[in-house]
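Using the sequences and the accompanying hints, generate a full structural model.
Chains as they are written, first to last, in the numbering used here: chain A, -13 to 59; chain B, 56 to 257.
If you're looking for bench data, these hints aren't it; they were derived computationally from the structure. Among the clues, some could well be false.
Stated by the list, open to error - If the Cβ cut is set under 10 Å, some of the chain B residues that face chain A in the computed set are: (1) Phe92; (2) Val109; (3) Thr218.
What the hints assert, rightly or not - In silico EDC-like links for lysine to aspartate or glutamate, alpha-carbon gap of 20 Å or less: (4) A/Lys34 - B/Glu121; (5) B/Lys246 - A/Asp3; (6) A/Lys52 - B/Glu85; (7) B/Lys73 - A/Glu55; (8) A/Lys34 - B/Glu226; (9) A/Lys52 - B/Glu172; (10) B/Lys246 - A/Glu35.
As the list claims (entries may be wrong) - Stretch-level coverage of chain A by chain B, calculated; a stretch enters the list once three of its residues show a Cβ under 8 Å from a Cβ in chain B: (11) 0 to 14; (12) 22 to 35.
Predicted model, so just to flag it, every value in this text is computed and none were measured. Virtual Cβ for every residue (Gly too), placed ideally from N, Cα, C.
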Amino acid sequence: MKCFQRISEYLDGELEDNICREIDEHLHQCPECREYVDSLRKTIQLCKETAMEEMPIDIHDRIRSKIRELLRM
Amino acid sequence: MDKVSADGTDHSLIAAFKAGSTEAIDRIVERYENPIFTFGLKMCGHLQDAEDIVQETFFSAFKYLESFREETKLRNWLFKIAARACMRKRRKKKCEPDREISLESLIHKDGSEGKYEIPDWSDDPSDNVLRAELKEVIDNAILSLPPKYRLVFNLRDIEGFNTEETAELLEISKQSVKTRLHRARLFLREKIISHYREGEIQ
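This is the structure we're talking about:
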């Protein structure tokens, strides 16, 4: 598949309509490329789903007090 | 740079800050501390470093907020400051050389069938152990990205900035953002797949 290098742009909706259509048509008939694209989509999704961190409360409190101290509130 | 339509809440908070409201400071911190903390942790990998990034970002922001003209969104401006703080921290540590990710090596690995087995993220709370393991695998994979790819990946895919915003934030071209993002995603996919192939998660 010629467009491998632009698959991220395809997934992000950043490609021109005619190129998207070309990729869609190819994916429709090529299970290997479909799997390639799906795996990349799934990678992005997994990274997003596992991403958010909760700030520990002691860090939260220290940040507040340091900002106040620095700004001499 | 074009005038960016500011977020209404941010606009009010900035106006209140300029008018001397201390409550505005608390509200701005409350609004952005967690995403900046997440960004700092994903960039540096240590709680202490992430805490430093949050502090440096807000201190620098409040120092200059008086003259902030809202030509960019507050969120973008804060992340620009945070990204610079991450880069400064990396330079100080002098222990993490930047390097290129070779697209050829990643594409080469894509050759055979049936090799893209990527686990699903379960929403079932009873899968807490598996979820924690998977999160660790992914966090480590992100941290193993070379810094310039990690910056772009975290801003684009984790924080949700678009290509143009990321290019402005990092002062690089849109094409560089696209190239680095694509290579980072392929790199992460390989890391996740190879971890599963090695059977470290059952």
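Next on the checklist: Are any of the numbered hints broken by this structure? If so, which, sorted upward?
Outcome noted: 4, 5, 8, 9, 11
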